Amino acid sequence: MRNVDLKNQSLEVLVINFQNTKDNASFGELYDRYYSNLFAYCKKITGNREDAYDITTNTFIKASEKINQLSSPELFPSWLFRIAHNICMDSGKAKIKNRTIALDGLFNIADTAKGVDEMMEKEAMLNQLELLVNSLDPKEKEILVEKYLNKKSVAELQKQYNLSASAIKMRLSRARNKVAAMATN
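In this note's numbering, the protein residues as written are 59 to 243.
The set of hints was computed from the structure by calculation and includes no laboratory data. Don't take every hint at face value.
Calculated cross-link-like contacts (lysine-lysine; reagent style PhoX-like; alpha-carbon spacing at most 25 Å) [to be verified]:
1) Lys199 to Lys236
2) Lys209 to Lys236
3) Lys205 to Lys236
4) Lys210 to Lys236
5) Lys210 to Lys199
6) Lys65 to Lys80
7) Lys227 to Lys199
8) Lys236 to Lys102
9) Lys199 to Lys209
10) Lys101 to Lys80
11) Lys210 to Lys197
12) Lys227 to Lys210
13) Lys101 to Lys124
14) Lys120 to Lys80
15) Lys65 to Lys120
16) Lys102 to Lys120
17) Lys236 to Lys197
18) Lys65 to Lys124
19) Lys227 to Lys209
20) Lys80 to Lys124
21) Lys197 to Lys209
22) Lys205 to Lys217
23) Lys217 to Lys227
24) Lys197 to Lys227
25) Lys205 to Lys227
26) Lys80 to Lys102
27) Lys199 to Lys217
All of these numbers come straight from a predicted model, not from anything done at the bench.
My request is simple: use the sequences and hints to build the entire structure.
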């Protein structure tokens with residue numbers, strides 16, 4: 059098929075042609091047809107142009123690799139958007155995890171400042187952290203204080219609160235995420 063003919067081809071013909079021959083021109087036409095809508099969808103979910111661009115690109119790459127798993131070519135658009143949705147959700151989870159890891163570092167600020175500027179910066183961070191933690195619900199505040207100020211392990215917190223390790227970790231995670239959300243606002 060020539061490129062001129064591709065514009066007039068049905069969705070099903072393009073998908074089947076790419077599945078059977080790996081004809082890049084067929085997939086290129088699918089890309090041209092769906093790129094702008096997919097990008098807009100990803101941007102709406104992520105709220106970030108750069109993330110949306112990356113996710114849109116990754117979606118088309120994954121679609122080209124997995125297209126033989128698509129048994130109904132007419133479902134290509136919904137299948138493509140489902141891939142994008144899943145990548146968006148995974149990306150969001152990764153960002154939350156990374157933000158939580160960064161926040162863990164904030165909770166574990168050690169008094170290792172080498173100069174006056176570093177000491178003042180750490181003091182400001184500690185003051186901000188204290189304000190944020192004090193604005194939490196008392197139970198959320200208590201578990202963070204026990205973990206990070208009183209240096210209790212998850213096992214010790216399990217005994218103290220009579221909860222499972224996963225429940226303790228979940229409560230700590232939720233409290234840290236609330237602090238992180240307040241810090242970014």
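How the hints compare with the structure:
no. : hint             : verdict
1   : Lys199 to Lys236 : holds, 11 Å
2   : Lys209 to Lys236 : holds, 20 Å
3   : Lys205 to Lys236 : holds, 16 Å
4   : Lys210 to Lys236 : holds, 21 Å
5   : Lys210 to Lys199 : holds, 14 Å
6   : Lys65 to Lys80   : holds, 17 Å
7   : Lys227 to Lys199 : holds, 14 Å
8   : Lys236 to Lys102 : holds, 23 Å
9   : Lys199 to Lys209 : holds, 14 Å
10  : Lys101 to Lys80  : violated, 29 Å
11  : Lys210 to Lys197 : holds, 16 Å
12  : Lys227 to Lys210 : holds, 13 Å
13  : Lys101 to Lys124 : holds, 23 Å
14  : Lys120 to Lys80  : holds, 14 Å
15  : Lys65 to Lys120  : holds, 23 Å
16  : Lys102 to Lys120 : holds, 20 Å
17  : Lys236 to Lys197 : holds, 13 Å
18  : Lys65 to Lys124  : holds, 23 Å
19  : Lys227 to Lys209 : holds, 14 Å
20  : Lys80 to Lys124  : holds, 12 Å
21  : Lys197 to Lys209 : holds, 17 Å
22  : Lys205 to Lys217 : holds, 13 Å
23  : Lys217 to Lys227 : holds, 13 Å
24  : Lys197 to Lys227 : holds, 14 Å
25  : Lys205 to Lys227 : holds, 10 Å
26  : Lys80 to Lys102  : violated, 31 Å
27  : Lys199 to Lys217 : holds, 18 Å
Hints 10, 26 from the earlier list are contradicted by this structure; the remaining hints agree with it.
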